[in-house]
Amino acid sequence: MREIDPIREPSEALLSSALHRLVKAGKRNAPPELGANLLEKFRHRHRRRRQVRLAVVGALAACLLALAGIAGMRHNVRTVHQQNPAPAAEQTPAVDATTETNAVSDLQPRQRQARPSSNTAGETQAANDEGFVPLPSYDPAVASGDLQMVRVEVTGSELRMLGARVVGDVSDRPVIADFITDRDGTPYAVRLVQ
Amino acid sequence: MAELARDDQELLRQLSKGNEPAFTALYERYQGPIYRFALHMSGNNATAEEATQEVFMQLINNPWGYDAGKGTVAGYLFGIARNITRRAVQDSRCELALEEEDLALDEFATAGELDVLGELTNGELLAALRSAILCLPQQYREAVVLCDLEEFSYQQAGELLGCSPGTVASRLHRGRAILKKKLSCQKKLSRCVK
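These protein sequence lines map, in sequence, to chains A and B.
If you number the first sequence the way numbering that gives the first Met the number 0 does, the last residue is 193 and the count never jumps.
If you number the second sequence the way numbering that gives the first Met the number 0 does, the last residue is 193 and the count never jumps.
Check the hints yourself; a few may be wrong.
As the list claims (entries may be wrong) - One-sided and incomplete, this derived list gives chain A residues near chain B with beta-carbon spacing under 10 angstroms:
hint, residue
1, L13
2, R49
3, R77
Derived by calculation from the structure, the hints in this document are not laboratory data.
These numbers were taken from a predicted model, which means no experiment stands behind them.
Glycine included, each C-beta is placed from N, C-alpha and C at the ideal position.
Let the hints inform the model, and build the full structure from the sequences given.
See the structure below:
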């Protein structure tokens, strides 16, 4: 601000002096209660803001936990499905899978892999290559100790007579097969060797 | 000034996070100037209190309303106070008794005419000055209040009012001229009464 020369500008000097007296007389502040009131409103607002924020964070955490829970459950279900493939796949083999499992479990572990999955000739052949296929004469009550395996050469028609499903024209063709039989010679399961 | 502005911005940032000391510091720094500014602009304690409350409520409710690119925190606060005061006095303010056109003919009162200031008691002088200031046009009143009563520099006042220091100086010069004219009129009036 510019300096006022009281000689050259006496009216300015008088006015400045008067204004200065007004400043000295009017050095007032806002009432203290106004400050206290504003401080209380400030506290109230931020208390409420913190509560809202806490609620939002809580809700988000709950949502995340719920999502994590759902994801975990889905993962477990998927793992169980991978460990136990769909039952439908096991129900489709040419021979009853339950019977086969029971029969084969008494024979040798390798045979558990025999799981034909369709009725086609090729797939049946593939299943036979992998393991024994139970025959209709199979009796689950027979103890495994009474079983024996014999390798014989038979024709396709003989196999068909024993109850094995033979597909294709192999009636007169000789094949080598392993038979699981009882002590009295009753065949319980057969496996094509050649 | 720049240091203070940066400090104000930091305080405002802390305030927006709910920091109570930051709010208290900002309040203590500006409540007095804002209250007095509103008081001198309106001549009314209630309006001054209301303006002060509104300014700080704005800070409490919406601390993000301040844009550092548009000016200082002080300018922002005074801007709010100006708007509130302007609205409050719009209906009730006394009309300027002396038109500016009249001032062009007889802009400056002489020192002799202002001798009345010495003849008045302190109370009478302050009342006469307050009355004269209240009757100034808004833009001149702002310049007189900020530069003469609040003792801001032209630069500071320019930042608060959103205009250049030169404009502030010009408005102040004009405002003081009107003040002197009004006071000299008052002197004539008081002599007539006596």
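Under 10 angstroms is the threshold here; is the Cβ of A/R77 close enough to any Cβ of chain B for the hint to stand?
Interface hint status for A/R77: violated (45 angstroms vs cutoff 10 angstroms).
Hey, does the A/R49 contact hint survive, CB to chain B under 10 angstroms?
With Cβ-Cβ at 7 angstroms, under 10 angstroms, it holds.
Answer holds if the nearest beta-carbon of chain B is closer than 10 angstroms to that of A/L13; otherwise answer violated.
holds, 5 angstroms
The structure shown violates just one earlier hint, number 3.
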